[in-house]
Structure formats: C-alpha cells, structure tokens
Amino acid sequence: MSFATTSTRSLSRPASFSLRTNAYFKSSRALRSRLLHTAGHEAPVIATARPGYAAFRRKCAGESWNNVFKRWATSTTLHSTASDPAEMEAMQCLEQGTQKLEEGDIQGAKELYKRSVEIKRNASSLFNLGVTHYHLKEFDNAIAAWKESITLQPASADAHTNLASAYIISPVARPDLALHHLHIAASLSPEDPEIAFNLAAVLEATGQLEEALKQYKRAKEYGVERAAMHIRNVSAKILGKTIKNAENTDSSAKKSDS
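Numbering (the numbering used here), first residue to last: 1 to 258.
Be aware that a few hints might be false.
[Unchecked claim] The calculated lysine-lysine pairs, modelled on DSS-like cross-linking and capped at a C-alpha distance of 30 Å, are:
(1) Lys100 with Lys114
(2) Lys137 with Lys100
(3) Lys244 with Lys147
(4) Lys100 with Lys120
(5) Lys114 with Lys137
(6) Lys214 with Lys241
(7) Lys217 with Lys244
(8) Lys220 with Lys244
(9) Lys100 with Lys147
[To be verified] The calculated label-pair distances, taken between Cβ atoms and stated as ranges, are:
(10) Glu103 with Gly207: 21 to 29 Å
(11) Arg121 with Ser187: 24 to 32 Å
(12) Lys147 with Gly108: 20 to 28 Å
Calculated directly from the structure, the hints in this document are not laboratory data.
Ideal placement from N, C-alpha and C gives every residue a C-beta, glycine not left out.
Take the sequences, apply the hints, and build the full model.
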C-alpha cells in the first residue's frame, strides 16, 4: 500500500493508508504504486467501538484503489531461475500476473499468482496474491497470503504495511494488529515517511494522540508535507483534552472543598 500518495492519511481521509505490491512489473503508475527493486523481501483480536475509528474504517474502505495502493516490489532474484525449471515457470506466471494487474484485470492476475504459488511458493508471488485478494475484498485470504510471505521473507516492511491495511478495513477490524505490524514496518524502514504517516493515522484513530503526533512529525520531517495539517489537528485535540481534564479536576476540587 502506499502511504505517501496524493491522498491524505488521517481520520478524515485515512484511505491514504496504502498498499505495497510485490510484483515483477513495469514502471507504470496506473495504480499509483511504486516499484521496489529487491526480492528479499503476528497477535490478539481487539474490537473497538470508538466512533471515530468506525468512521476511519469507512473512509478506508470507501477510498478508490488508486489511492490505496502503495508500492509494488519486485519478484524473486533472477539468477536462481536458470537452473530451476519450476522456479522459472513460477516466475513466468508472476510476470504474467503482474501484466494482468497492470491492465486492471485483478481476477486474471489472481489466478496467475495462485498458479505461481502452486508451482513454487515464494515471498513475491504470495505477496502479490495477497494484493489481488485485498482488491477483491477477500481480506482473510489477503492476510493469510501476506503472513506466509512474511514467514518466507520476515524483513519485508511492505508486507507488514499491507497487513496493517487489511486489518484496518476488514469487516472485523483489528487495530491492535494493524499497529503491531506498522510498528514492525517502522522498525524495518525507520525513515519511510509513508509508514510513519500511516502509523500516525491509526494511532490517532485509536485515541493515542501523543504517539500519533510524534509519528506525524516524523512523516513531515521525512518529506510528507501534508502531515503538517495533521500535526495541527492532533495538537489541537491534545490541547482540548488537556483543558477539559484541567476543568474536570478543578470542578472535582471545588466539590471536595464544599
């Protein structure tokens, strides 16, 4: 998913929460994705009744795919395919699937990625299979594919980022898991402004304003200019919360004195 696309990433438009794709494809930006150049590339259920969070999820779910995609990563390394016919065939399916995805044929891409996985399981094919499941709103399958991709390639910040997105907009939201994977992604790519922005958006949505403010500031520091607006908004929320707490404390003190 791509967090640093032209869409905003906040409670008002959290769908800037973006997907990262792990495909072997051309540098087309048809899906507002960014190509990665390397092949190398989980926790408990906690529901939330927070009204703001529900609105956050609705915004994510309603955003167009063009604003949700983050980044496509490349497939497995090429040098290993020459001596392994199965891997070569899997790679071919991966490339064909990416072409289908680039053309907007998500179902066709999914079938080719599934074929690639059946021939030779690898992190890239599983990653891209997860992307197609996500776009088809098959969130459980997307999560399963990305989890397995992470098992094969634990250091993939993109896979952790995508898992966070799936956990946010699944019918049963898992904000705890979204935060879990975003924290991992941030540790793997500490200077990635998109991850920082998305982490801030989920923190804000779940009421963790001080931490959200820190992450928005990091995102702005690394170049996400729109984070400035969210910094102002969250700062205002924190100030309002502080004033309200002070008023409540003062009111309680007066009642005690009387």
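TODO: Hint says 24 to 32 Å; check whether the CB-CB distance for arginine 121 and serine 187 agrees.
DONE: holds, 26 Å
Task: Hinted pair lysine 114 and lysine 137, Cα distance within 30 Å - done: holds, 16 Å
TODO: For the pair we were handed, lysine 217 and lysine 244, check the Cα-Cα distance against 30 Å.
DONE: holds, 24 Å
- [ ] Take the C-alpha atoms of lysine 100 and lysine 120, compute the straight-line distance between them, and say whether it is at most 30 Å.
- [x] Holds, at about 20 Å.
Task: Proposed proximity, lysine 241 with lysine 214 (alpha carbon, max 30 Å) - done: holds, 17 Å
TODO: Would you mind confirming whether the straight-line C-alpha gap from lysine 100 to lysine 147 stays at or under 30 Å?
DONE: OK: lysine 100 and lysine 147 at ~24 Å, within 30 Å.
Open item on the list: Between the alpha carbons of lysine 220 and lysine 244, is the straight-line distance 30 Å or under?
Closed with: With Cα atoms ~28 Å apart, lysine 220 and lysine 244 stay inside 30 Å; holds.
Open item on the list: Run the distance test for lysine 100 versus lysine 114: straight-line Cα separation, threshold 30 Å.
Closed with: At roughly 13 Å apart (the allowed maximum being 30 Å), lysine 114 and lysine 100 satisfy the hint.
Task: Given pair status - lysine 147, lysine 244, alpha carbons within 30 Å - done: Measuring from Cα to Cα gives roughly 42 Å; hence the hint is violated.
Open item on the list: Taking the Cβ atom of glutamate 103 and the Cβ atom of glycine 207, is their distance within the range 21 to 29 Å?
Closed with: Cβ of glutamate 103 to Cβ of glycine 207: about 42 Å, so the range 21 to 29 Å is violated.
Open item on the list: Check the hint pairing lysine 137 with lysine 100 against an upper bound of 30 Å on the C-alpha distance.
Closed with: holds, 18 Å
Open item on the list: Range first: 20 to 28 Å. Now tell me if the beta carbons of lysine 147 and glycine 108 are that far apart.
Closed with: holds, 24 Å
Checked against the numbered hints listed earlier, the structure breaks hints 3 and 10; every other hint is satisfied.
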